[in-house]
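Participant: Okay, here's what each chain looks like letter by letter:
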Amino acid sequence: AQSVSQHNHHVILSEAASLELGCNYSYGGTVNLFWYVQYPGQHLQLLLKYFSGDPLVKGIKGFEAEFIKSKFSFNLRKPSVQWSDTAEYFCAARGGNTPLVFGKGTRLSVIA
Amino acid sequence: GAVVSQHPSWVICKSGTSVKIECRSLDFQATTMFWYRQFPKQSLMLMATSNEGSKATYEQGVEKDKFLINHASLTLSTLTVTSAHPEDSSFYICSAYPQGHQPQHFGDGTRLSIL
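Taken in sequence, the protein lines are chains A and B. Using my numbering, you'd call the opening residue of the first sequence number 1 and step up by one each time. Using my numbering, you'd call the opening residue of the second sequence number 1 and step up by one each time.
Bear in mind the hints are in silico, worked out from the structure with no lab data behind them. What you are looking at is a predicted structure, and each value in this text was computed from that prediction instead of being measured. All C-beta atoms, glycine included, are put in the ideal place defined by N, C-alpha and C. Just to be clear, a hint being listed does not mean it is correct.
Stated by the list, open to error - Facing chain A, a subset of chain B residues (Cβ under 8 Å, in silico):
(1) SER73
(2) LEU74
(3) THR75
(4) PRO103
(5) ASP108
As the list claims (entries may be wrong) - Below, computed lysine-lysine pairings styled on BS3-like, alpha-carbon distance capped at 30 Å:
(6) LYS14(B) x LYS64(B)
(7) LYS14(B) x LYS61(A)
(8) LYS14(B) x LYS41(B)
(9) LYS55(B) x LYS20(B)
(10) LYS66(B) x LYS104(A)
(11) LYS41(B) x LYS64(B)
(12) LYS66(B) x LYS71(A)
(13) LYS71(A) x LYS49(A)
(14) LYS49(A) x LYS66(B)
(15) LYS55(B) x LYS104(A)
(16) LYS49(A) x LYS14(B)
(17) LYS41(B) x LYS104(A)
(18) LYS64(B) x LYS71(A)
(19) LYS55(B) x LYS14(B)
(20) LYS61(A) x LYS104(A)
(21) LYS58(A) x LYS41(B)
(22) LYS64(B) x LYS20(B)
(23) LYS20(B) x LYS41(B)
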């Protein structure tokens, strides 16, 4: 079955620290990959997406993710986090025209 | 860009009431829409896939008689929570995407609170 797993349930970082959130997927065939962010009390926002081409994808707010096919991974990174990055982060995947399947999410808390 | 509109944004009602949630694609046609549910501090779980002109496809464990889905046109899908109970209280989110290599667009969600 198609699945997405996020390794970290809750990550706590100080401001300016570097961030890497893990995401692994289990899909056969072509896969599209996404990272969404959900700020407290708000709806989902798309951070970045990968369909094909350059496996290093740059998104909004300084985030990037790298698709490593051999590892079935799509980890999210940011060199220096800010307090305003405190949110829930969801990795998601789909194959073709199938619906998105989400990981369980990782809560990021950035402390001053 | 593609926009998905969801209405209402918040519903509070008594137990036993049926509640209808609308999802519209505003600037594109969507033959397929998706309904998700998100419990507090949890991830989005796909409930069903809504297909224009045909029956919805429900995920395992989702009661189709409880959560009625109607996809009457290429821009509108509705989810009706029938005889809602407190355990149905959740955040319901619809989604759709234009054809081709497009990300899925989400509505703002409907917070359903059953008293």
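Participant: Each hint: holds or not?
Facilitator: To see whether the hints hold, each was checked on the structure:
1. SER73: violated, 19 Å
2. LEU74: violated, 15 Å
3. THR75: This hint is violated: THR75(B) lies away from chain A, its Cβ roughly 18 Å from the closest one there, beyond 8 Å.
4. PRO103: holds, 5 Å
5. ASP108: ASP108(B) check passes; min Cβ-Cβ to chain A is 5 Å, inside 8 Å.
6. LYS14(B) x LYS64(B): holds, 21 Å
7. LYS14(B) x LYS61(A): violated, 42 Å
8. LYS14(B) x LYS41(B): With Cα atoms ~24 Å apart, LYS14(B) and LYS41(B) stay inside 30 Å; holds.
9. LYS55(B) x LYS20(B): The hint holds at about 17 Å.
10. LYS66(B) x LYS104(A): Judged against 30 Å, a Cα distance of about 25 Å means the pair holds.
11. LYS41(B) x LYS64(B): This hinted pair holds, its Cα atoms lying about 25 Å apart.
12. LYS66(B) x LYS71(A): Given that 30 Å is the threshold and the Cα spacing comes to 40 Å, the pair is violated.
13. LYS71(A) x LYS49(A): It holds: about 18 Å lies between the C-alpha atoms, which stays within 30 Å.
14. LYS49(A) x LYS66(B): violated, 34 Å
15. LYS55(B) x LYS104(A): holds, 28 Å
16. LYS49(A) x LYS14(B): This hinted pair is violated, its Cα atoms lying about 41 Å apart.
17. LYS41(B) x LYS104(A): holds, 9 Å
18. LYS64(B) x LYS71(A): Since the Cα atoms of LYS64(B) and LYS71(A) sit roughly 37 Å apart, the hinted pair is violated (cutoff 30 Å).
19. LYS55(B) x LYS14(B): Cα-Cα ~29 Å, so holds.
20. LYS61(A) x LYS104(A): Holds, because 22 Å separates the two Cα atoms, which is no more than 30 Å.
21. LYS58(A) x LYS41(B): Measuring from Cα to Cα gives roughly 27 Å; hence the hint holds.
22. LYS64(B) x LYS20(B): Status holds; Cα separation ~14 Å.
23. LYS20(B) x LYS41(B): holds, 24 Å
Going down the numbered hints, you'll see the structure goes against 1, 2, 3, 7, 12, 14, 16, 18, while the others check out.
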